[in-house]
Amino acid sequence: MSLMKHINILDYTLLSLLRRKFRNSGIVLVFSFVICITGSVLLLTYAFKREAVLVLGNVPELIVQKMSAGRHELIPVSFSEKIREIPGVSSVEPRYWGYYFDSFTKANYTVVTPGGRLSEGNKLLQGRLPAADERGVAAIGGGIARTRFLGIDDDLALFSPDGRLRNFRVIGIFQAPSELLTFDLIVISERDLKELFSLPSGVATDLVVGVRNETEAPVVARKIRERIPDSRPILRKEIIRTYDALFSWRSGLILTLFAGALAAFVILAWDKATGLSADERREIGILKALGWETSDILEMKFWEGVAISLTSFFLGIIAAYAHIFFFDAALFAPALKGWSVVYPRFHLIPFIDPYQIATLLSLTVIPYIAATIIPSWKAAVTDPDEVVRG
Amino acid sequence: MNADNIITTGGLAKYFNRGKPNEVLAVSGVSVSIRRGDLCVLKGPSGSGKTTLLSLIGCMTRPTSGSMVVAGRDTSHLPERFLAEIRRKTFGFIFQQFHLIPGMSVLQNVMIPLYPTDTRLPELKRRAAVLLDSLGMSKRAAFPVQGLSGGEQQRTAIARALINDPDIILADEPTAHLDTALSRDFMEIMKGFRDKGKTIVIASHDPLVFEDPAVELVVSMRDGLLTELKRRI
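The listed protein sequences derive, respectively, from chains A and B. Just add 2 to the spot in the first sequence (first one is 1) and you have this note's numbering. Just add 909 to the spot in the second sequence (first one is 1) and you have this note's numbering.
Take the hints with a grain of salt, since some may be wrong.
To be verified - Capping the alpha-carbon separation at 27 Å, the derived lysine-lysine pairs in DSS-like fashion look like this:
id : chain 1 : residue 1 : chain 2 : residue 2
1  : B       : 929       : A       : 380
2  : B       : 929       : B       : 998
3  : A       : 225       : A       : 7
4  : A       : 51        : A       : 108
5  : A       : 196       : A       : 68
6  : B       : 1034      : A       : 23
7  : B       : 1034      : B       : 1048
8  : B       : 1105      : B       : 1034
9  : B       : 1139      : B       : 1105
10 : B       : 1048      : B       : 1105
11 : A       : 84        : A       : 225
12 : B       : 998       : A       : 380
13 : B       : 929       : A       : 7
14 : B       : 998       : A       : 7
15 : A       : 239       : A       : 51
Rather than coming from a laboratory, the hints here were simulated on the basis of the structure.
Chain A with its partners taken away, still in its complex shape (with noise of 0.2 Å):
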C-alpha cells in the first residue's frame, strides 16, 4: 500500500478539522485545562518530593530527641555517653537548632550552627560561614536576605525572649542547589545561638548519631529507645516516607478539588464515545458511500483524535509547566506547599519526572483516541445506505 493513500488521508483530516475549528478549539481549550490541572499536580508534587529528597539527603542517618508529656524537648548532652556504649554507633553529635519567629516579615526563620554536613552540597554565593567559636556575625539563607534587604556587612537585628536586641554582622549568603534547604537560614555560632535562644548548659535541641553500617540504623535506634525511654530516635527513612506520603496526601487534595474540571472532561469525552451528532454520521455514511473503506474512516477519525489530543497534551504540559515553575505554582500552591506560606517568596528547580508524563499522556491521549474512533467505527460498519438515508 503506497504511503500516498495515507498522504491524501491526512490531507483529508485537516481539512476535516479546519471545517469544525471552533467545536474542535472548545475541545483543545478543555482538554489542555484538565491536563494542565493535573500536570501541574504531578509537576509540583514531584518537585517537593525532589527537593525533599535533596535536602533529607544532608540530613544524618539517625537524630535523637527527648520527648516530654508527647513533645519535643530540649535533651540532656550526656545522653550521648550512653548512646556511645551502643555496639556500632561510631559518633554521637549534639546539635544546637531552633526557629526565630520574624514579626516584621511574617517569617519563620531556622537558626542553625556550623559545621556537621551543613556545608556539604551548599554553594555559599557570597562570603563565609561563621566559625564554631566567631561571635556576633551570621551566614544567612537567600529569602532572607531579599526580603530584609540584606547584603554582605549589613546588620542583622534579632531579639532574644528576654526582648534584647542582638545584631549579627552579615558574613555570608545562601546559595543552594535547592532553596529549601536555605532559604530561610541563619548560621551563627554556638555561643551566639545559646544566647539568643536564651538556652540552658548542658543540654542539646537533639543529637546526631553516627552509625558505622547504615543498615544498623534501625536496630540502633531500637536500642537507643530501650536504654532511654523517654527518647524518640529518628530514621531519614521514616522522614522521606513521611515527606512522601505528605505530599501524596496534598496533591490527592488538589486533585479532589479539581475533581469538577475532571469530571466535566470526563463527561465530554462520554458523551464522544456514545455517539456521533447527525452530521458526523451523515458524513462518514457519504464517504462510504463514495467508495472509502471502513478502515479508511477510522484512520481519518484516528488521525483526528491524535491531532486534537496531542496538541492539547502539549498545550496542558507546557501551561503546566509555565505555571509551576515560572508562575510559582500560583493557582494552588498553598494547599500543596503547607508550612511554606509563612515563606516570604518560595521558587521551585524544575524536576520532570519522564514517568510521570508519560503515564498522563497514555491516561489522556489515549481514550481520548478510543472515545473518537470507537463510535466512528460503529458507525462505518453500518451500511452507507442507511447512514445515508438517515
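Given chain A, put chain B in place with the hints provided.
For chain B alone, coordinates are given in the frame of chain A:
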C-alpha cells in the same frame, strides 16, 4: 447471462428490520438486466422500492436474498471491503439531497472519492478542475458548497460522481429539487455521458425523466415489486 449486461439481478429481495414488529419488505423478487450503455430509469411512487433497488445495485446495502451481478462479478455475498472498492471504482453516485460536505469547497468535495487512493493530490486537483470546467463550474471551484444554488450543487455532485471515471452512474431522484429547465439540463448531461459509453441508472418519479425519449429502459415498481419492464430501443 448476456455478456452485454453490466447489471443483472435475480429474484432480489431486501427486508429492513427483519423479525421486528416494524419489518418492511422494500424489494421483493426483482429480476432485471441492464445493458452496458443503457440509460435506465427506475420508476414508481414514493415507497415503491426504487431507491432501495438503486442502493442494492450500487452495493450500498446487501440483499436479503437473490443474486446481484455487476460487471460480471457477483456482489451479493462479497465482504464489505470489496464492496467499498467496487463502489469507488465502478459507480458514481448522485444523491437526492446531493450530500455534499459543508465547510469544504466545491473542488474539495469533488475530490472526496479519490482521497483514499494512490492518486497524488496535485493530480486529484487537476482532474477535479477539468470536470468542473466541463460542467461550467470552474469559477465556483473555491466556493464553499453551502453557498451554491440547487443547480450548482447538483453539478458539483455530478462532477464528484465522475471523478473516478466510473462505468455506471447512479442517480436518486436527481430532479426532485430542480426546476424544469435545470431538470432538462440534467438529462442532457446524462445523455452526454451515456453517449460516452457510461451506463446510467436513475431512480425517479418525475415524468420529465422517465418520459424522456432517450431513456432506453424503464423499470416500473410498486410496493417493492417489479410491475413493468419496458425496453424502448
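We went through each hint and held it up to the structure:
Proposed proximity of residue 929 (chain B) and residue 380 (chain A) is supported: the alpha carbons are some 21 Å apart, at most 27 Å. About 35 Å separates the Cα atoms of residue 929 (chain B) and residue 998 (chain B), which puts this hinted pair outside 27 Å; it is violated. Straight-line distance between C-alpha atoms of residue 225 (chain A) and residue 7 (chain A) comes to about 75 Å, which puts the hinted pair past the 27 Å bound. Between residue 51 (chain A) and residue 108 (chain A) the CA atoms are separated by roughly 26 Å; this keeps the pair inside 27 Å, and the hint holds.
Of the pairs offered as hints, the one joining residue 196 (chain A) and residue 68 (chain A) holds, with about 18 Å between alpha carbons and a cut-off of 27 Å not exceeded. With a CA separation close to 24 Å, the supplied pair residue 1034 (chain B) and residue 23 (chain A) stays within the 27 Å bound. At roughly 14 Å between alpha-carbon atoms, residue 1034 (chain B) and residue 1048 (chain B) fall within 27 Å of each other, so this suggested pair holds. For the hint pairing residue 1105 (chain B) with residue 1034 (chain B), the CA-to-CA distance comes to about 23 Å; that is within 27 Å, so the pair holds.
Under the criterion of a C-alpha separation no larger than 27 Å, the hint pairing residue 1139 (chain B) with residue 1105 (chain B) is consistent with the structure, at around 23 Å. The hinted pair formed by residue 1048 (chain B) and residue 1105 (chain B) meets the criterion: a straight-line CA distance of about 25 Å does not exceed 27 Å. With a C-alpha separation of about 10 Å, the suggested pairing of residue 84 (chain A) with residue 225 (chain A) holds against the 27 Å cut-off. A C-alpha spacing of about 25 Å is found between residue 998 (chain B) and residue 380 (chain A), which places the hinted pair at or below 27 Å, so the restraint holds.
A distance of roughly 41 Å separates the Cα atoms of residue 929 (chain B) and residue 7 (chain A); the hinted pair therefore is violated under the 27 Å criterion. Between the alpha carbons of residue 998 (chain B) and residue 7 (chain A) the distance comes to roughly 15 Å, so the proposed pair stays at or under 27 Å and holds. Simply put, residue 239 (chain A) and residue 51 (chain A) have alpha-carbon atoms about 13 Å apart, close enough for the 27 Å limit, and the pair holds.
In terms of the numbered hints stated before, the structure departs from hints 2, 3, 13, listed from lowest to highest.
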